[in-house]
Amino acid sequence: MTSQLTASEPLKYSESNLRTEEMIINIGPQHPATHGVLRLEVVTDGELVVDVVPHLGYLHRCFEKHAEALAYNQIIPYTDRMDYVAAMNNEWAFVMGVEKMLGIDQDIPKRIEYIRVLVSELNRIASHFVALGTYGLDIGAFTPFLWMMRDREHILRMLEWVSGARMLYNYIWVGGLFYDLPVGFEEQTKAFVTYLKPKLKEVETILVSNKIFVERTANVGILDRDLAINYGITGPILRGSGLRFDLRKVDGYSVYPELNFEVPVGEGFQGTVGDCWDRTWVRYRECWESVRIIEQCIEKLLADHKRTREFNPQALVPKKIRPKAQDLYVRAENPKGELGFFFRANGRADQPFRCKARGPSFSNLSVLPEISKNCMLGDLFAIVGSLDFVMGEVDR
Amino acid sequence: MSFEEIKELINRQFPVAILSEDLTATPNTLEISKDFILSVCQLLYEHDKTYFDSLSCLTGLDNGPEINTMEVIYHLYSIPYDLHLALKVILKRERPEIESVASIWKTADWHEREAYDLLGITFRNHPDLRRILLPADWEGHPLKKDYVEPEFYHGMKVDY
Chain A
1 MTSQLTASEP
11 LKYSESNLRT
21 EEMIINIGPQ
31 HPATHGVLRL
41 EVVTDGELVV
51 DVVPHLGYLH
61 RCFEKHAEAL
71 AYNQIIPYTD
81 RMDYVAAMNN
91 EWAFVMGVEK
101 MLGIDQDIPK
111 RIEYIRVLVS
121 ELNRIASHFV
131 ALGTYGLDIG
141 AFTPFLWMMR
151 DREHILRMLE
161 WVSGARMLYN
171 YIWVGGLFYD
181 LPVGFEEQTK
191 AFVTYLKPKL
201 KEVETILVSN
211 KIFVERTANV
221 GILDRDLAIN
231 YGITGPILRG
241 SGLRFDLRKV
251 DGYSVYPELN
261 FEVPVGEGFQ
271 GTVGDCWDRT
281 WVRYRECWES
291 VRIIEQCIEK
301 LLADHKRTRE
311 FNPQALVPKK
321 IRPKAQDLYV
331 RAENPKGELG
341 FFFRANGRAD
351 QPFRCKARGP
361 SFSNLSVLPE
371 ISKNCMLGDL
381 FAIVGSLDFV
391 MGEVDR
Chain B
1 MSFEEIKELI
11 NRQFPVAILS
21 EDLTATPNTL
31 EISKDFILSV
41 CQLLYEHDKT
51 YFDSLSCLTG
61 LDNGPEINTM
71 EVIYHLYSIP
81 YDLHLALKVI
91 LKRERPEIES
101 VASIWKTADW
111 HEREAYDLLG
121 ITFRNHPDLR
131 RILLPADWEG
141 HPLKKDYVEP
151 EFYHGMKVDY
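Protein chains in written order, with this note's numbering: chain A, 1 to 396; chain B, 1 to 160.
The hints are simulated quantities; they were obtained by calculation from the structure and are not laboratory data.
Among the hints, a few may not be true.
To be verified - Below, in silico cross-link-like pairs of lysine-lysine (DSS-like), each with a Cα-Cα straight-line distance of 25 Å or less:
1) A/Lys65 <-> B/Lys145
2) A/Lys324 <-> B/Lys144
3) B/Lys49 <-> A/Lys249
4) B/Lys144 <-> A/Lys65
5) A/Lys65 <-> B/Lys157
6) B/Lys157 <-> B/Lys92
7) A/Lys319 <-> A/Lys110
8) B/Lys34 <-> B/Lys157
9) B/Lys145 <-> A/Lys324
10) A/Lys306 <-> A/Lys190
11) B/Lys92 <-> A/Lys65
12) B/Lys157 <-> B/Lys144
13) A/Lys110 <-> A/Lys100
14) B/Lys145 <-> B/Lys157
15) A/Lys211 <-> A/Lys201
16) A/Lys65 <-> A/Lys100
Stated by the list, open to error - Computed far set for chain A versus chain B, every beta-carbon distance over 10 Å:
17) Ile104
18) Glu153
19) Glu299
A virtual CB, placed ideally from N, CA and C, is assigned to each residue, including glycine.
Same shape as in the complex, but just chain B:
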């Protein structure tokens, strides 16, 4: 299936899900409305012509306070058909929240925890949303563009 056919397939099922496309990206990227991400992923996972059985990577991204958005990018790969596809969801920077896809791909479990940990994106219906890399009592989310390093940790001065 080509990129156009995949787009067509999503459009037929969810006519308003695709917001834009990015053909300069490798692999080609579709921007999905945040309310549809779980259903679109479910469709791509289950459809017997796409069968995206693996989620290669899940990336959280902060566009900074000026643009005031955050993004979650999903890199899907279909092992039987050798297909690549990336999905992108743009979220508001205040209280970014999105549906978890961990129910489809277990890979998403830890990757979403990482995005939550480093960027503060909340994934609804995630099985176990805790910090994963940083200590549980860490303040702030380091990958935000306006993150300021704390001066103290547990009352100890941190030298940089």
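The shape of chain A in the complex, shown without the other chains:
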């Protein structure tokens, strides 16, 4: 073999544009603190970070190309694999877009909508538990990680009971659901919520208000609100920067207007508004709000929208999905921010002509070089962890 060995993904910096005291450190793609296969090219001056260049694509499988070859209902499992710790929320956003294109989004029965909210909020808690747990792990708190993985496992088992799969559900279908809730699920969820509340309080004691944790995260990686908007940041990170902006309130999709919940924002309790601690605080508070939503959903599902023998969650599922020719952009509030799908249907095919996914993690990660300039190398991982991205969604 005489072929030259060249890097498929070359570094952006080289000896020619570095100063004498600067050094490149390559972190990842296989590194536990980068939360997946993210590779960071870090230019350092001693302990100071001069620049960070993220190299993406190690998990790229061109979801958008696959989508162009598949019928709409067959794409749902692919959306599960984007943000794989919050699969319910992904497929819901996708399904919502297709339903809007078909014009059936107003006809979905209330019971189905409440079940969708219920499972998505359960999944939101699971996703935030991964975010908080692994974040603690990144900066040295090992116990909360184990505790939160234990409690997350309860949620995963319940969602497995619902859908048959632990993480990648394919449960929410265009026009309905794969199946009604199993008998006894509402009661089990009630029991789980009773179990979870004291555990959530423990999380605050052991992690969020822990002195070491606060010192590692407060006043670190401060993200200004206007900068966040300019970078297209959404979700807990934007709210951590002090903007009360939640699509569940702003767009009021599904039955969210009928539910009572608050939108927590970062207020700089421990440091400056928009620092790593504020983002963590927002995620932690959102778990409580999700618990509130779940309780209200259970009440509704046991009273106004009770299960009946006649209820068929697949009644509205179309046999053939062929929307009229149109462009449509749909967005929903995922645990990590605004998940958007852009569809172009040409009216002649069962597949989308173009399906673009705008993942929240993708835009959220793009701010990393900006907010980690001139921080200490040790703080870099406090910032990376606080951004809570999932590479499956960044790379798609």
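Use these hints to put chain B onto chain A, whose structure you have.
Using the frame of chain A, we list chain B on its own:
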């Protein structure tokens, strides 16, 4: 501001910028001439009645060899006014080139890199136009409709 008023606003400043409109699309879409896209975006971003402060999504799109065009679609959103708007630019399929809007919204930086990577659309005056998702030595742009999967990568046979 309604869609009509936004159209009026653009028309007053740039009388030839709007080529057509699409009211079946959600959100409603304006087709902008490719020479005006940066100025129109700047206007919508700065005007105190629209204030489109966030770019939700930027999509590149290939219409295939028969129609022989490519498109770039911008989904704008104004947080204070809760306004949605989509802008669409149609480009020639050979050497598609358009002005970058990364100077207005930083979101566009990575999204334009993605469109460049997967469709081969060049964005002029982009701060750092490199491939983002695919390896730097990948040949071709997979989201083109006439893309053919390579048989070999670095001398290794790829089985499908």
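Consistency of the hints with the structure:
1. A/Lys65 <-> B/Lys145: 9 Å, holds
2. A/Lys324 <-> B/Lys144: Cα-Cα ~23 Å, so holds.
3. B/Lys49 <-> A/Lys249: Holds. Lysine 49 of chain B to lysine 249 of chain A sits at ~23 Å (cutoff 25 Å).
4. B/Lys144 <-> A/Lys65: 9 Å, holds
5. A/Lys65 <-> B/Lys157: Holds, because 21 Å separates the two Cα atoms, which is no more than 25 Å.
6. B/Lys157 <-> B/Lys92: 34 Å, violated
7. A/Lys319 <-> A/Lys110: 21 Å, holds
8. B/Lys34 <-> B/Lys157: Violated - the C-alpha atoms of lysine 157 of chain B and lysine 34 of chain B are around 41 Å apart, more than 25 Å.
9. B/Lys145 <-> A/Lys324: 21 Å, holds
10. A/Lys306 <-> A/Lys190: 15 Å, holds
11. B/Lys92 <-> A/Lys65: Status holds; Cα separation ~21 Å.
12. B/Lys157 <-> B/Lys144: 22 Å, holds
13. A/Lys110 <-> A/Lys100: 16 Å, holds
14. B/Lys145 <-> B/Lys157: 23 Å, holds
15. A/Lys211 <-> A/Lys201: The given pair, whose Cα atoms are some 16 Å apart, holds under the 25 Å limit.
16. A/Lys65 <-> A/Lys100: With a Cα-Cα distance of about 22 Å, the restraint between lysine 65 of chain A and lysine 100 of chain A holds, given a limit of 25 Å.
17. Ile104: Correct as stated: the minimum Cβ-Cβ distance to chain B is 15 Å, above 10 Å.
18. Glu153: Given a closest Cβ separation of 32 Å, the condition holds.
19. Glu299: 30 Å, holds
Going down the numbered hints, you'll see the structure goes against 6, 8, while the others check out.
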